[in-house]
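Engineer: Read off the chains here:
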Amino acid sequence: MKAEQQYIDLYRQCKEMIAAHSAEAMNALREQAFADFQRMGFPTRKVEKYKYTDVAKLFEPDYGLNLNRLDIPVNPADAFKCDVPNMSTSLYFMLNDGFDRRDLPKASLPDGVLVGSLRELTATHPELAARYGKLADTSRDAVTALNTMLAQDGLLIYVPKDVVVERPIQVVNLLRSAVDFMVNRRVLIVLEDGAQARLLMCDHAMDRVKFLATQVIEVFVGKDAVFDLYELEETHNNTVRFSNLYVHQEAGSNVLLNSMTLHNGTTRNTAEVTLDGRGAEVQMLGMAIEDKQQQVDNNTFIDHRASDCTSNELYKYVLDDSAVGAFAGKVLVREGAQRTSSQQTNRNLCATREARMYTQPQLEIYADDVKCSHGATVGQLDENALFYMRQRGIGEREARLLLMFAFVNEVVDQIRLDALKDRLHLLVEKRFRGELNKCQGCVICK
Amino acid sequence: MQDEPNKLVKEIAAEKYKYGFTTDIHTDIIERGLNEDVVRLISEKKGEPDWLMEFRLNAFRYWQTLEMPRWAHLDIPDIDFQAISYYAAPKARKEGPKSMDEVDPELIKTFNKLGIPLEEQMALSGVAVDAVMDSVSVKTTYKEALIERGIIFCSISEAVREHPDLVRKYLGSVVPYRDNFFAALNSAVFSDGSFVFIPKGVRCPMELSTYFRINAANTGQFERTLIVADDDSYVSYLEGCTAPMRDENQLHAAIVEIVVNNRAEVKYSTVQNWYPGDAEGKGGVYNFVTKRGNCRGVDSKLSWTQVETGSAITWKYPSCILTGDNSQAEFYSVAVTNNFQQADTGTKMIHLGKNTRSTIISKGISAGRSQNSYRGLVRVAAKADGARNYSQCDSLLLGDKCGAHTFPYMDIHNETAVVEHEATTSKISEDQLFYCNQRGIPTEDAVGLIVNGYAKEVLNKLPMEFAVEAQKLLAISLEGSVG
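Chain order of the listed sequences is A and B.
For the first sequence, counting from 1, position 164 maps to 164 in my numbering; every step adds exactly one.
For the second sequence, counting from 1, position 51 maps to 51 in my numbering; every step adds exactly one.
One should not assume that every hint holds.
Said to hold, decoys possible - In silico DMTMM-like links for lysine to aspartate or glutamate, alpha-carbon gap of 25 angstroms or less: (1) A:K46 / B:D75; (2) A:K371 / B:E430; (3) A:K46 / B:D78.
To be verified - Covered stretches of chain B (in silico footprint by chain A; criterion: 3 or more residues with CB under 8 angstroms from a CB of chain A, positions within the stretch not fixed): (4) 391 to 398; (5) 404 to 412.
If you're looking for bench data, these hints aren't it; they were derived computationally from the structure.
Quick reminder that beta carbons are idealized off the backbone N, C-alpha and C, glycines included.
Make the full structure from the sequences, and use the hints.
Structural biologist: This is the structure we're talking about:
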């Protein structure tokens with residue numbers, strides 16, 4: 001049986017049920033998404049964009065879905081304690097793909113700022129509902145189409161004009177199920193002109209069953225707005241994650257996207273950033289530490305449509321055991337996007353023979369007054385540096401750890417949240433030492 | 001300062017292809033179209049043995065199952081493979097020329113226009129020319145000096161007759177007919193090309209050179225070059241081309257195969273300047289080439305150097321398979337595109353042996369409305385311990401309507417590999433131009449200087465006679481096209 005068929009059948013059979021437990025804005029796009037999905041099917045590895053991830057195979061197993069939106073009897077606030085101490089955030093939970101309304105943070109957000117369920121807020125705010133699906137084009141990507149076709153709820157964040165949200169917003173995505181489970185999460189983020197916000201999203205899998213999570217995030221960043229998005233994945237070897245991120249930036253806006261993979265099974269992150277106004281700036285950071293059979297595939301696309309924009313990319317991978325890493329980054333500079341500055345760097349460490357790294361930094365440039373560069377390396381730790389340290393009495397294992405630590409710290413150090421940065425230094429070190437991230441007071445790791 | 005360069009761009013755009021002329025020679029052309037009978041006819045006309053005809057037919061049958069590749073960053077118009085005549089040979093006088101006097105005077109005139117030293121100059125420059133005009137070898141010089149050392153340098157058809165065992169052993173061993181669409185096509189209909197064999201321990205005393213030209217109207221040209229360097233040998237091989245002006249697009253699908261055995265070294269240099277089409281993008285040669293070398297032996301070395309200035313469409317990836325331990329490969333390339341030219345070129349370095357090293361230096365220069373892409377692959381197989389690669393791809397943009405793209409792929413399956421890739425894209429620096437202007441160097445000359453300096457790293461790798469030609473070509477293609 002083709003992997004697509006079960007999803008096509010599922011949609012045909014459960015259309016009404018899906019729509020009944022969702023919002024009008026989301027239902028409006030379903031039929032088109034279904035048609036697109038049927039037409040495209042899952043991309044094969046012959047499709048350049050999915051060369052290193054066998055999508056159909058990952059979607060093949062039979063996963064359960066909670067289309068009826070049955071309540072999950074867990075209070076995430078009890079089950080989960082954030083392990084980033086000293087960080088004061090407005091903490092929210094997503095349980096599988098639904099926004100959790102229990103124990104909402106007491107600290108109030110500035111006036112007009114909305115953080116809540118996509119399903120509820122699109123019903124009450126038609127102007128926000130109108131933005132849904134505007135960036136995530138279902139005709140171009142099968143996973144986006146599938147997500148649009150099945151997603152019933154998710155997260156919506158809205159920051160009005162010139163409002164600065166001082167406290168970082170933290171959203172913890174918890175995956176919880178007794179059976180193999182599929183989750184289709186949807187996120188819509190709108191920052192009006194001059195708004196500022198920081199968002200930290202963490203993925204945690206709480207049960208040792210197989211999870212398949214698709215996620216589509218749409219981010220609208222208005223003129224001169226500032227937005228930071230940190231995504232931290234700490235799941236387990238049986239999770240499959242497909243995240244498609246679409247960012248639209250207007251003139252003068254500044255965005256930082258940071259995706260960190262500490263523990264995972266198979267991860268595919270796609271990020272598409274459109275710089276659509278003069279002077280927009282984007283910084284993309286990525287880090288993956290992998291061992292066993294883990295796989296991380298980051299695919300980025302930056303579209304320079306306007307002049308004087310800047311983009312910076314830095315992705316670092318450390319691969320151990322039989323891990324597979326892939327990075328494909330494309331920068332497109334359109335005609336007229338003069339004075340573009342674009343830099344892309346991908347550096348990778350392979351620790352074993354079985355580890356494989358595929359990297360593909362690409363530039364497509366149609367304007368002449370530009371400064372674009374990319375660099376990619378695959379290699380090992382510097383033998384000279386190792387020798388130097390051992391000479392000074394540092395054991396080989398310790399020296400290796402130090403060097404690996406320094407290697408990924410280049411990414412961690414760019415984090416603009418100090419508490420998170422400190423915490424990550426620790427998490428990364430623990431990860432390298434092969435220790436589980438046992439954190440105080442959290443039931444997940446117990 | 002803004003007005004003047006624009007004027008220069010226009011002038012350059014209006015410049016006609018300097019090498020556009022047609023030689024009036026009677027050619028022996030077979031009917032247009034392609035089917036098994038045509039393949040058989042080509043084989044018969046050349047009096048080939050059965051195994052070769054079988055090879056061609058297999059290739060043709062396989063080709064029929066393939067589709068035209070579309071993955072390159074090229075806008076390729078549909079090619080009607082049935083509208084092409086697959087064989088054109090200059091009408092040989094009964095016996096074929098034995099000395100210069102017997103060579104068709106028109107042909108010699110053509111070569112002279114191109115400035116090829118086929119006569120005395122040749123002796124002076126020490127170049128042996130295996131002149132290929134519309135696929136069939138017309139004249140081979142310096143044969144005697146080569147024969148003394150046991151070096152075989154002749155046309156492929158001659159090699160099939162004289163050295164069938166060698167040809168049979170190596171033909172298709174590096175580029176099998178199943179390799180790709182154009183390789184299959186070439187394997188089915190290849191008309192002629194060069195064969196080089198350097199025996200054990202021989203260092204070829206001169207640079208071997210062939211001159212490819214596309215001459216008769218509407219004939220695709222399908223050369224096949226096979227170079228075999230046996231243990232401890234060395235050869236430097238030169239290939240250069242210019243083509244007459246044509247209105248209809250011409251198809252060119254060549255194959256170059258190189259086998260490098262233990263401790264041998266092959267240096268392959270090429271300057272390609274086929275008709276690129278006019279300023280409106282009309283006409284021009286379609287160049288779909290498969291070039292590959294296999295460093296089979298230990299400590300072997302293969303070096304590709306190319307200067308690409310011509311062709312409307314270029315699809316070319318000279319590659320190296322580093323099979324032998326400690327083998328080395330180099331790829332140096334300058335690709336210039338102007339007007340409506342499109343180039344998708346680069347290299348593949350496949351590291352299979354231990355301690356293999358490869359270097360890639362690619363310089364792209366785009367002007368006018370052209371599109372210039374670098375596409376490369378570095379693959380390090382699981383057993384290739386200690387492999388090392390360094391790649392550098394720079395692009396220079398002259399004008400705001402052109403495009404420069406880089407698509408490098410790196411597949412690393414071994415932890416001891418060290419692979420580095422760097423690429424930059426920029427336009428000619430205003431500071432450098434200003435500096436030159438300040439010292440009384442006009443903008444036009446300054447651009448020439450800067451571009452030549454930019455490409456120097458690659459041009460330096462060319463043999464002397466070629467370097468001069470290449471510099472001239474760069475000047476013709478680019479002078480003043482800066483905005």
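Engineer: Each hint: holds or not?
Structural biologist: To see whether the hints hold, each was checked on the structure:
no. : hint            : result
1   : A:K46 / B:D75   : 20 angstroms, holds
2   : A:K371 / B:E430 : 13 angstroms, holds
3   : A:K46 / B:D78   : 22 angstroms, holds
4   : 391 to 398      : holds (count 3)
5   : 404 to 412      : holds (count 9)
In summary, this structure violates none of the numbered hints.
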